[in-house]
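There are 2 protein chains.
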Amino acid sequence: MTKIPKPIKKPPDEAELNSRLEKVRNLMKKENLDYYVAFDPVNIYYLTNFANYVHERPFILIIPKNGTIKFLVPLLEKTHVETRARCELELIHYFEYPAPKGQNWNDEYRKLIEKDARVGVESAMTLRIYEETPGQKIRTDIIDECRLIKTDYEIGRTVHACKIINQGHDKLLKICKPGVPFIKIYSEVSSYMQGKVLKDLPNLNPMVSKADAIVLPPSISYDPHNMTNIFFTMEHGGPHVSGVGGQLDGYGVEIERSFFLGEVPEVAREPFQVMMEAREKAFELAIPGENFSKVDEAVRKIFQKRGYGDKLLHRTGHGLGITGHEAPFVAIGYDRVIEPGMIISIEPGIYLPKIGGFRHSDTVLITEDGNLSLTKAPETLEDLTLPVD
Amino acid sequence: MTKIPKPIKKPPDEAELNSRLEKVRNLMKKENLDYYVAFDPVNIYYLTNFANYVHERPFILIIPKNGTIKFLVPLLEKTHVETRARCELELIHYFEYPAPKGQNWNDEYRKLIEKDARVGVESAMTLRIYEETPGQKIRTDIIDECRLIKTDYEIGRTVHACKIINQGHDKLLKICKPGVPFIKIYSEVSSYMQGKVLKDLPNLNPMVSKADAIVLPPSISYDPHNMTNIFFTMEHGGPHVSGVGGQLDGYGVEIERSFFLGEVPEVAREPFQVMMEAREKAFELAIPGENFSKVDEAVRKIFQKRGYGDKLLHRTGHGLGITGHEAPFVAIGYDRVIEPGMIISIEPGIYLPKIGGFRHSDTVLITEDGNLSLTKAPETLEDLTLPVD
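In order, the protein sequence lines correspond to chains Z and P. Numbering follows the numbering used here, in which position 127 of the first sequence is assigned residue number 127; successive positions increment by one, without gaps. Numbering follows the numbering used here, in which position 353 of the second sequence is assigned residue number 353; successive positions increment by one, without gaps.
Where hints are given, some of them may not hold.
Derived contacts from chain Z toward chain P, CB cut-off under 10 Å, selection only [claimed, not checked]:
id, residue
1, N104
2, V119
3, E122
4, E131
5, P134
6, Q136
7, D200
8, H225
9, F231
10, L313
In short, the hints are calculated from the structure, not lab data. Glycine included, C-beta positions come from ideal geometry on N, C-alpha and C.
So that you can see chain Z by itself, here it is in the shape it has in the complex:
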């Protein structure tokens, strides 16, 4: 596949959600589970299209090996679930948390699973829910496992989300001039993308939608997660590092570029070049049949050979799906074979105090015969040296 699949804008239909449930049940069967319990809102969203956030009133999805899924929710959210969920569900509600004896969420919960059942639970389940879960509990991340390989529908939705951030990134590069405040770029590009998403998806779910755009100038870009001051401005030269992404109606995507305003400082040329070599190697190796660990290892080797082995802050990449940060991981120690339908970021980076950060990131689909970047922006030093007037 070398052509980007068509973007999809409509919500999932019941057949799509049933196919996901079937995948989950196949894995349940392998582990001989009578039930699987989903508490992680991301996993609940994956199977139902309903999004919640975790607070004191629990939402718990109970998947029996056969028959209808049960969903335990607070009364206040019943109609919300009915309107958003797009699969068959038996809704069970409790009035409120806390509640008098016998009327609590856990009183209802305990009725839904037999005491001697084998019950799969997530690593992301909290102790509070775990301790109330009946049965013989086995920690196993079955839904997370299913989410690793995207369906065609999910790929189409991700393509749409990437289209929006590609446009956002184009806009960012146009606005970015020396002296322009970060806040201005952040708000203009973020609201531009939010407007686009709303136009495309008038029915979007705000619980799983957030589009952001940031850009760090060279005096800051070497320390990418230390955003403790937001009153800075763009600088002459570079590397500036952009980051455009978020979760667009349930699909996590990102695009990032190291770029220059007006000119390229001499000290920045070599690290940019080395980052590009590492990135090229990652794209070359991130193909079906290869091991994720090996990709990061090869990237790391390039950085070490070129004298930047101690200038790294992170792995080569991570998976994207419902969230913008999830398995699979392109990291030494993540011993897993790359498969078609996975979506990952490729973003090897070098960080040099007093010089800046060097990192491009793309949202990349693993195809049958290689990979395909769903994000598009200039890549070369030449194309990323932007005119300042």
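With chain Z held as given, fit chain P onto it using these hints.
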């Protein structure tokens, strides 16, 4: 106390954070714990002033019964922690997740706690972290317990946050006219408040800051959590129900009103009146020495007596602190005595399909001799019937 305390805008100093740590350690001593482990980002923020969100790279705060707190973080976040944290901390970092054998987060984690130690863990801890936690583990929510009673500093910060949402709510009532789209009110009021917060707190932490304003017209307001369509407009009449709040640089607050545009439909007069009686009763009873459960019970009795017992969707209120929704709960079944320094919402509500929702909410401080609303807005039917031109 009848006067609202002075707003505080500056970040917490070390003495403030030390006093919180001392509270935690006092409770640890009572339970004979050698360590307490905080994984919930809200609890970590409470003790350190550093905010993270939960993702695949764990952040774990380890509190020994004596000596310096230890904080296990990914390398990428080390400088971020150093810049934000305002207490003494020993920082331990791991390079990345995942990592090769022997270099993972849990390899470091296991070194920090002895195998035979008594270790307190939170209900909000996930199984993933729990299973890697050494020692004899006891589930006990010590930090959550400390957070129930606010320090003077926290009260001052909450007063400031309420000041911002009071202004936001004033603006909302001014903009609200029949035919005005929800989206317009949402964006205008939200960005107005965000601007105000940024001006007051240029150093604010975006990880714990979000100010929102919503308003539901009568055709929707009876079903307050079912926000599945955002393309609606304000209507003639009412009750509209506003909701202004969020987390303003680490302090959760809210204000809500049922109000009318132009005129009050006859069918809305009685439920408004009944809601006001219930609310008055809640304010009367929410004082030190009373039981939270009793407050909700008394409110519920009024609703039942007046024939609205089956029109409720939620309890009388909830606690506010770092988040906008936490313990203590003003709910039947929450058997706990009200104490000075607690902050709660008082918001009994009635929901009538085809008529609308009836709910005022305020952020209320429990004082030595009663309570004090930190939020201010019109309350009576007369004052909440707004001119439409």
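Right, here's what the structure says about each hint:
1. N104: Holds. Min distance 7 Å.
2. V119: This interface hint is violated because 13 Å lies over the 10 Å limit.
3. E122: With a closest approach of 7 Å, the Z/E122 hint holds.
4. E131: Given a least distance of 7 Å, the restraint on Z/E131 holds.
5. P134: Hint on Z/P134: violated, closest Cβ of chain P at ~16 Å, above 10 Å.
6. Q136: Given a least distance of 15 Å, the restraint on Z/Q136 is violated.
7. D200: Check failed: Cβ of Z/D200 comes no nearer than 14 Å to chain P, outside 10 Å.
8. H225: Since the shortest Cβ distance to chain P is 5 Å, the answer is holds.
9. F231: holds, 6 Å
10. L313: holds, 5 Å
Consistency with the previously given hints fails for numbers 2, 5, 6 and 7, ordered from lowest to highest.
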